[in-house]
Amino acid sequence: MPERELTFAQAVREALAEEMRRDSRVCVIGEDVAEAGTPFKVLSGLVEEFGAKRVVDTPISEAGFTGVAVGAAMTGLRPVVDIMFGDFITLTMDQMVNQAAKAHYMSGGHWKVPMVMRTTLGATRRSAAQHSQSLHAWFSHVPGLKVVLPSTPYDAKGLLKTAIRDENPVVFFEDKMMYKLKGPVPEDDYTIPLGVADVKRGGDDITLVATSSMVQIALGAAIRLEKEGVSAEVIDPRTTWPLDEKTLIDSARKTSRVIVLDEGYGRYGVTAELAAVIAEGAFYDLDAPVKRMGAMHVPIPFSPPLEDVTVPTEQTVFDAAIRLCGKN
Amino acid sequence: MTTATSKHHAGHDPSAETEKEKWLHAYRQMVSIRLFEEQVNEVYTRALMPGLAHLYSGEEGVAVGICEALRVDDYITSTHRGHGHCLAKGASPDRMFAELLGKEAGYCRGKGGSMHIADPATGNLGANAIVGGSVGIATGAAFSAKTLGTDRVAVCFFGEGALGQGSLYEVMNLAQLWKLPVIYVCENNLYNEYTHYQETTAGTILGRATAFGLEATTVDGQDVRAVNEVASRLVERARRGDGPAFLQCDTYRYGGHHVGDINREYYRSKQEEHLWKTDRDPILGLANWLMDRGHADAAYFDRIRDEVRAIMEAAVKFAIAAPYPSVDEVEKHVYA
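Line by line, the protein sequences are chains P and G.
Its first residue numbered 1, the first sequence is counted upward by one per residue in the numbering used here.
Its first residue numbered 1, the second sequence is counted upward by one per residue in the numbering used here.
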């Protein structure tokens with residue numbers, strides 16, 4: 001029998017539905033999550049199955065309902081909040097950074113905050129500077145939070161189920177451009193542990209470490225590189241925290257050349273951290289400095305030809321890899 | 001109240017007896033807070049306490065009046081000026097002092113300190129050092145209570161300084177839309193740190209809550225009986241499922257914003273401070289009422305103060321002698 005395929009959005013929805021069936025404490029809170037199913041239609045059908053008490057529409061009050069989720073998580077529920085665009089996490093920062101992330105530590109381990117924040121990232125949707133950012137580095141910086149970046153429908157389902165079962169606040173970033181991407185997703189109740197990288201493609205000459213939206217870019221570049229006789233390994237950390245440092249370092253030591261790709265801003269971002277981890281762990285095996293590729297240090301512009309140059313593409317990754325391998 | 005069943009004797013009016021015991025208990029609770037804070041001031045000025053100390057002295061009628069209307073399993077969230085809330089909800093002074101000194105025996109194993117005491121056993125979700133930072137948490141606890149079908153109530157304590165935070169208005173809107181069992185208790189001690197609230201607050205305080213349709217009322221926070229009466233009504237109302245409320249308690253902070261805030265005349269006068277301490281002290285007020293009713297005399301109050309002072313001194317000794325957490329604790333409890 002052929003493997004069942006789902007879109008990324010369907011995989012997210014299936015994970016939520018399965019967890020809501022398994023555990024009556026799981027509820028969804030956010031703007032237009034019920035009948036509307038979010039503007040991306042990721043949650044369509046949930047309110048029909050679980051009712052408005054567990055799929056809760058809110059006013060446009062990101063700080064307010066995120067705070068409510070923190071308190072609800074501390075007192076017996078397992079809320080999954082929906083922040084429609086990743087740009088809006090700025091409105092939730094005090095609740096996530098000063099409240100959710102710290103309640104367990106500040107209370108000496110007494111209170112727990114088992115909540116998930118689902119939100120989005122990714123440019124090239126012609127949505128301009130306030131609906132296109134990839135701000136996952138911000139949460140990755142904060143002790144007490146876990147940050148998940150699925151890159152396939154399979155990973156989305158398995159990682160989201162794990163995130164919901166986690167006893168800590170977990171932020172789950174979904175690439176808006178990936179919602180329609182199809183891939184095999186088992187009907188089983190499977191989970192994927194947080195902090196375990198996945199080798200998306202084996203290779204010997206160069207390692208492309210890529211997160212979220214950049215995994216497909218890296219895989220596309222790898223196919224083109226193969227035609228030039230360059231064998232690229234593509235590693236997806238899947239979570240920025242916890243971080244599977246060993247898999248990244250092992251791959252770097254094997255191939256001796258590394259490009260780190262992430263759609264967040266390049267400056268002070270995820271690529272900087274991953275590159276530092278690799279440089280520290282594989283320094284004596286590297287044949288070239290670790291190359292970082294992220295979003296340009298500009299607000300994401302609206303005009304399509306401008307927007308398209310702000311993020312790494314298959315072509316720019318291919319070109320960088322060729323240069324790093326000394327092939328040009 | 002647990003006293004109701006055990007004290008019925010022939011010839012006594014049980015309700016009068018219960019009332020007497022209730023207010024004697026409230027008196028003791030207020031004295032506990034006052035003397036706890038006296039010890040904090042002492043320990044702090046002797047440089048035994050690291051960090052900051054924000055004293056609750058003068059506001060005891062609010063915490064005690066409210067918490068005496070709550071069950072032990074009801075929730076509270078507290079503030080940087082939170083020692084009074086903790087004690088009124090049932091925390092023990094020795095573990096509180098241990099926390100204030102950063103010791104392992106503290107409520108948070110020394111990791112929270114004065115501004116972050118949390119105690120699940122008494123429903124204390126934690127004190128918060130972000131002004132208005134707990135409004136979401138308290139509302140979320142009420143959301144849980146409603147969703148899970150418990151009849152718990154959540155009380156959110158905050159100072160009038162939190163009226164400047166937008167998140168308060170977001171959660172009051174949510175609480176009213178969803179009829180959540182939460183009571184927002186605004187302790188108006190007149191000063192946002194070093195600035196009179198009238199310089200920071202347009203319109204009226206209650207108008208902010210009534211705009212969302214919340215049941216909203218004002219009470220003299222220096223009258224613990226009045227606070228308790230209105231709080232009991234609002235708590236029962238919330239417990240019944242009739243929704244959230246907002247209670248403005250007018251009160252006064254006897255000391256500075258924190259212990260080190262000594263020269264205060266640039267923002268308030270010594271006469272003003274004197275007037276509140278002599279004419280409107282919540283402990284004196286209740287003592288006078290108890291004496292008028294013949295429930296207690298001066299000797300009784302002296303004895304209570306001596307007893308409580310001994311408890312507080314013992315608590316300080318316990319905390320000073322208690323060990324710090326081992327350094328390998330530093331990475332524990334980052335994640336559950």
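These are calculated hints, taken from the structure and not from any lab test.
Just so it is clear, CB atoms sit at the ideal spot from N, CA and C, and this is done for glycine as well.
Among the hints, erroneous ones may be present.
[Stated by the list, open to error] Subject to a maximum C-alpha distance of 16 Å in a straight line, what follows is the list of computed EDC-like cross-link-like pairs (lysine to aspartate or glutamate):
hint, chain 1, residue 1, chain 2, residue 2
1, G, K332, P, E167
2, G, K277, G, D220
3, G, K179, P, D57
[Stated by the list, open to error] A few chain G residues facing chain P, derived, Cβ under 7 Å:
hint, residue
4, G126
5, A211
6, G213
For this session: Find the hints from earlier in the document that the structure breaks and name them by number, from lowest to highest.
Result: 5 and 6
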